[in-house]
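Asker: Given next are the chains, with one letter for each unit.
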Amino acid sequence: MKKLHIIILLVIAVSIAAIMSTVADSSTYATFSVATNNEGDEYHVVGKYVKDKGIIYNPEQNANLCVFYLTDNDNKEMKVVYNGAKPQDFEMSEQIVVTGKVENGTFMADKILMKCPSKYNNTSDPTKTTGTSES
Amino acid sequence: MEIQYIGEHLLPGKIGNLFIVLSFTAALLSCFSYYFASNHNSLDKNNWLNLGRASFYVHGLSVFAVTGTLFYIIFNHYFEYQYVWQHSSKSLPVRYMLSCFWEGQEGSFLLWSIWHVVLGFILMRKSGNFEAPVMTVFSSVQVFLTSMLLGIYIFDYHLGSNPFILLREHPEFMELPFVKVPEYLTNLDGRGLNPLLQNYWMTIHPPILFLGFASTLVPFAYAVAGLWKKQHSEWVTPALPWTYFGVMILGTGILMGGAWAYESLSFGGFWAWDPVENASLVPWLVMVGGAHVMLIYKSRKQSLFSAYILIILTFILILYSTFLTRSGILGNTSVHAFTDLGMSGQLLVYLLFYVVAAGILLAINYKAINTETVEDNSTSREFWMFIGALVLLVSSFQITFTTSIPVINKIFGSNLAPPTKVVEHYNSWQIPFAIIVALLMAITQFLRYKQSDLKLTFKKIMIALIISTVVTLACAFALELYNVFHILLFFSAFLSIACNTDYIFKVLNGDISKAGASIAHVGFGMILLGALIATGKSRVISQNTSGIDISKLGKEFNNMENIMLAKHDTLQMGEYFLSYKGRRIEGVNHYFDIEYFKKDKAGKYEHAFTLSPIVQTNPRMGNSAEPDTKHYLHKDVYTHITYAEMDKHDESGHKHDDDDDYKPFASATVAIGDTIFGSKSIIILENIYKETDSVKYHFSGNDIAVGATFKVIDIRNNTFFAKPIYLIKGNIVNPIDAELNEMGIKLSFKNIHTDNGKIDVDLSEKPSENQEFIILKAIVFPFINILWAGCIIMIIGTIIAIRARLKKSKYNIA
Chain A
1 MKKLHIIILL VIAVSIAAIM STVADSSTYA TFSVATNNEG DEYHVVGKYV
51 KDKGIIYNPE QNANLCVFYL TDNDNKEMKV VYNGAKPQDF EMSEQIVVTG
101 KVENGTFMAD KILMKCPSKY NNTSDPTKTT GTSES
Chain B
136 MEIQYIGEHL LPGKIGNLFI VLSFTAALLS CFSYYFASNH NSLDKNNWLN
186 LGRASFYVHG LSVFAVTGTL FYIIFNHYFE YQYVWQHSSK SLPVRYMLSC
236 FWEGQEGSFL LWSIWHVVLG FILMRKSGNF EAPVMTVFSS VQVFLTSMLL
286 GIYIFDYHLG SNPFILLREH PEFMELPFVK VPEYLTNLDG RGLNPLLQNY
336 WMTIHPPILF LGFASTLVPF AYAVAGLWKK QHSEWVTPAL PWTYFGVMIL
386 GTGILMGGAW AYESLSFGGF WAWDPVENAS LVPWLVMVGG AHVMLIYKSR
436 KQSLFSAYIL IILTFILILY STFLTRSGIL GNTSVHAFTD LGMSGQLLVY
486 LLFYVVAAGI LLAINYKAIN TETVEDNSTS REFWMFIGAL VLLVSSFQIT
536 FTTSIPVINK IFGSNLAPPT KVVEHYNSWQ IPFAIIVALL MAITQFLRYK
586 QSDLKLTFKK IMIALIISTV VTLACAFALE LYNVFHILLF FSAFLSIACN
636 TDYIFKVLNG DISKAGASIA HVGFGMILLG ALIATGKSRV ISQNTSGIDI
686 SKLGKEFNNM ENIMLAKHDT LQMGEYFLSY KGRRIEGVNH YFDIEYFKKD
736 KAGKYEHAFT LSPIVQTNPR MGNSAEPDTK HYLHKDVYTH ITYAEMDKHD
786 ESGHKHDDDD DYKPFASATV AIGDTIFGSK SIIILENIYK ETDSVKYHFS
836 GNDIAVGATF KVIDIRNNTF FAKPIYLIKG NIVNPIDAEL NEMGIKLSFK
886 NIHTDNGKID VDLSEKPSEN QEFIILKAIV FPFINILWAG CIIMIIGTII
936 AIRARLKKSK YNIA
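Those sequence lines, one after another, are chains A and B.
Numbering follows our numbering, in which position 6 of the first sequence is assigned residue number 6; successive positions increment by one, without gaps.
In short: position in the second sequence from 1, add 135, done, that's our numbering.
Hint data in this document are derived by calculation from the structure and do not stem from the laboratory.
This one's a predicted model, so the numbers in the text were calculated from it and none came from an experiment.
Backbone N, C-alpha and C define an ideal beta-carbon position, used for all residues, glycine too.
Keep in mind that a hint or two might mislead.
Capping the alpha-carbon separation at 27 Å, the derived lysine-lysine pairs in BS3-like fashion look like this [what the hints assert, rightly or not]:
| hint | chain 1 | residue 1 | chain 2 | residue 2 |
| --- | --- | --- | --- | --- |
| 1 | A | K111 | B | K556 |
| 2 | B | K436 | A | K2 |
| 3 | A | K2 | B | K590 |
Pulled a few chain B residues facing chain A out of the computed Cβ check, cut under 7 Å [stated by the list, open to error]:
| hint | residue |
| --- | --- |
| 4 | F532 |
| 5 | Q533 |
| 6 | H560 |
| 7 | S814 |
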């Protein structure tokens with residue numbers, strides 16, 4: 001039985017290591033205040049794009065830089081700098097998840113995930129397509 | 136007051152609903168009949184058996200009828216039905232109508248049921264003594280699946296979601312004003328199919344994937360039958376070819392999903408460790424492990440318990456993945472999960488039912504099946520096959536655990552988010568697992584069952600070892616593989632290809648009919664090798680065209696993977712020169728024609744190819760980009776639009792000049808020599824002078840006119856001059872602006888500061904002057920064809936293995 005026991009122990013050890021690495025690698029959903037208090041740590045922040053302030057994107061100068069403002073679920077607003085092209089339909093997004101960290105009072109995002117209205121959602125705003133809509 | 140609606144077709148819905156209820160009750164009856172048939176040994180058995188068969192036929196035909204009816208209403212655009220309205224539209228091409236069918240949950244459950252019915256029909260005839268218990272399991276699963284379509288209320292609980300519900304009766308839409316108008320159907324069009332699904336891969340990938348899902352039920356049903364009827368040694372033989380079949384079909388389905396992602400999604404690759412992808416990969420890995428342990432049992436009568444566990448786990452994991460992707464729990468972590476239709480409770484019951492049932496059966500039989508294990512000799516083939524299956528199991532555990540983060544959050548109320556570097560996280564675990572699996576794949580075939588002579592084995596693989604080492608070193612050097620794990624994976628994958636090829640010719644003397652396993656292993660080795668090279672060595676070429684190492688500027692500059700390409704401009708990207716020719720609009724698709732040139736030896740530009748990535752406009756779901764890829768034998772050049780202006784273009788592809796006006800861009804106070812930065816230009820104040828041309832500017836001797844000369848340099852280094860004038864005409868300030876039409880800028884001379892000689896200037900620009908541009912990303916994937924060729928070879932190998940198994944089991948029976 002010895003060999004089997006060693007194998008089982010190994011399997012358990014690797015599994016525990018896998019669990020630990022997942023927990024260690026995983027990020028946290030947080031608000032801007034938490035991210036500000038822990039400057040430099042990676043967080044996922046869920047928020048809404050501040051339409052009034054617009055998005056600054058000048059591809060002629062830098063195709064990989066967008067700057068915009070986001071309010072998190074606690075209604076705290078923060079400037080977000082994203083090193084990438086402006087996502088298509090950014091303005092239409094209902095909810096945005098930014099991944100990154102706070103540096104000098106700015107949220108440096110390296111990933112943006114947008115939830116567009118009703119892209120995969122059956123429930124939101126059916127009034128937009130009434131009987132006469134053509135598409 | 137009852138509204139009399141005009142033009143509705145209510146009959147198909149009634150027929151559909153009738154067959155849904157019929158299929159549910161027939162499945163229930165079939166389940167009980169087959170259950171009694173398996174518990175009776177008397178004359179009753181035949182009666183129950185006949186009843187079970189008849190009711191399963193009725194069930195199966197009803198499922199076909201439901202499917203047919205749903206197709207009928209989709210093809211005829213009966214938008215009075217919510218499912219049709221939600222998932223299709225009049226303008227949708229016929230070839231994508233199939234995709235509408237399975238875009239929604241109800242349709243995809245139906246697709247899954249249909250495959251169960253087809254497989255059930257085969258098993259009713261072919262499974263012999265196992266028919267009653269196997270079909271009991273089959274029809275019990277069908278009871279659950281068809282209940283998902285019932286859409287009835289039992290007390291307050293909504294059971295299932297009905298695909299034939301009318302739009303005006305659907306709880307979410309019944310309050311809409313337009314459904315209260317009797318003629319609401321006259322102009323009604325559907326909401327249309329998700330643009331991502333309007334793709335030929337999406338018409339073939341889901342049926343294959345669901346056949347893969349369905350095929351895991353067959354070995355599961357046999358395993359349950361074996362436990363239940365205590366036929367522990369009998370179930371493996373008939374179940375093994377089905378397990379191979381499942382491995383083949385599910386594998387094909389997963390790889391087709393990868394091909395779809397590669398051809399039509401814009402993340403740039405074929406695998407992103409997305410939760411939905413993982414959810415179907417994990418059962419496949421476990422099933423592959425299960426198939427190998429079943430082989431061990433067939434040859435050595437060992438590891439029966441593990442065979443049971445892995446086969447049962449495969450099916451349970453299919454149910455779990457269904458739960459993950461359909462309960463809405465993945466909402467924040469995956470882009471292509473279904474939304475919650477309120478069936479998560481039902482799915483959970485379904486999952487737990489089989490976990491508990493299988494658990495009880497395993498516990499009852501534990502003593503009988505937990506007999507021999509493979510540990511007796513570590514030089515035996517079965518020992519290392521078993522280790523391989525274990526590695527696959529641990530690998531799937533790692534994937535499952537990280538994928539389940541949302542579930543963990545739900546259970547423990549935690550707030551974990553998926554790893555920020557998801558791909559790196561999975562790769563750091565899965566590459567080592569892949570290395571071990573590939574090594575085992577290479578060597579294990581040369582070991583004998585029971586015990587082997589290690590020296591002899593070593594001799595047999597010597598040549599393959601030498602060749603692999605040389606090739607690995609050469610390729611690692613040529614491809615600049617510097618990561619140790621990448622080199623090891625290259626070596627082990629190559630070794631498994633070499634060893635298995637060697638095995639086919641040396642040991643099997645090239646007898647292809649026996650070489651199924653080896654061929655499949657070669658294919659899998661090629662998949663690993665192709666994936667390693669194509670993703671490990673993919674180059675984003677749409678960056679850093681300046682030739683300056685911008686990564687020195689800071690970490691943030693590393694991920695600049697997009698470049699701007701203005702119309703008719705040419706930019707260098709890698710070895711290519713790109714020119715954006717313009718856009719074509721066909722229906723909802725905007726094609727962006729991008730020409731790739733290469734410089735030949737004489738320094739002349741030579742047209743290499745043209746790519747036309749698409750942006751599909753969709754006002755409801757958002758525009759979506761579809762890449763275009765140039766396939767070469769040794770590499771692919773992949774290009775997709777990350778950003779383009781979409782709203783101001785009419786059918787002919789021309790821009791509307793509706794905002795022709797100048798918009799203020801900057802105001803500045805400048806002295807001579809100072810610079811103003813425009814968005815496309817640099818503007819330098821050259822001098823300030825007294826304007827004397829009173830005729831041209833219409834002023835008289837008493838008025839004051841001061842001119843300013845600005846030098847304007849555009850991005851192509853062209854120089855222009857602009858001379859705005861500050862004019863005081865009889866005490867009224869009346870500046871005369873200078874416009875540079877070709878550049879779309881305007882300068883206004885606003886004020887003079889007499890104290891320091893500075894002047895105030897307003898710069899206005901036409902916001903999007905005629906220069907159209909796109910932002911794109913381009914990636915080169917080297918040798919990705921090794922991956923696709925590997926897929927095909929693996930499928931062929933598995934088919935050969937199934938044939939060989941079927942032949943063998945025929946001889947056994949005879």
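Asker: Evaluate each hint against the coordinates.
Answerer: We went through each hint and held it up to the structure:
1. A:K111 to B:K556: Roughly 10 Å between the alpha carbons, so the hint for K111 (chain A) and K556 (chain B) holds.
2. B:K436 to A:K2: 20 Å, holds
3. A:K2 to B:K590: The given pair, whose Cα atoms are some 25 Å apart, holds under the 27 Å limit.
4. F532: At 6 Å from the nearest chain A Cβ, F532 (chain B) passes the 7 Å test, so the hint holds.
5. Q533: Since chain A brings a Cβ to about 4 Å from Q533 (chain B), closer than 7 Å, the hint holds.
6. H560: This interface hint holds because 5 Å falls under the 7 Å limit.
7. S814: Holds, because the Cβ-Cβ distance from S814 (chain B) to chain A comes to roughly 6 Å (cut-off 7 Å).
When each numbered hint is compared with the structure, no violation occurs for any of them.
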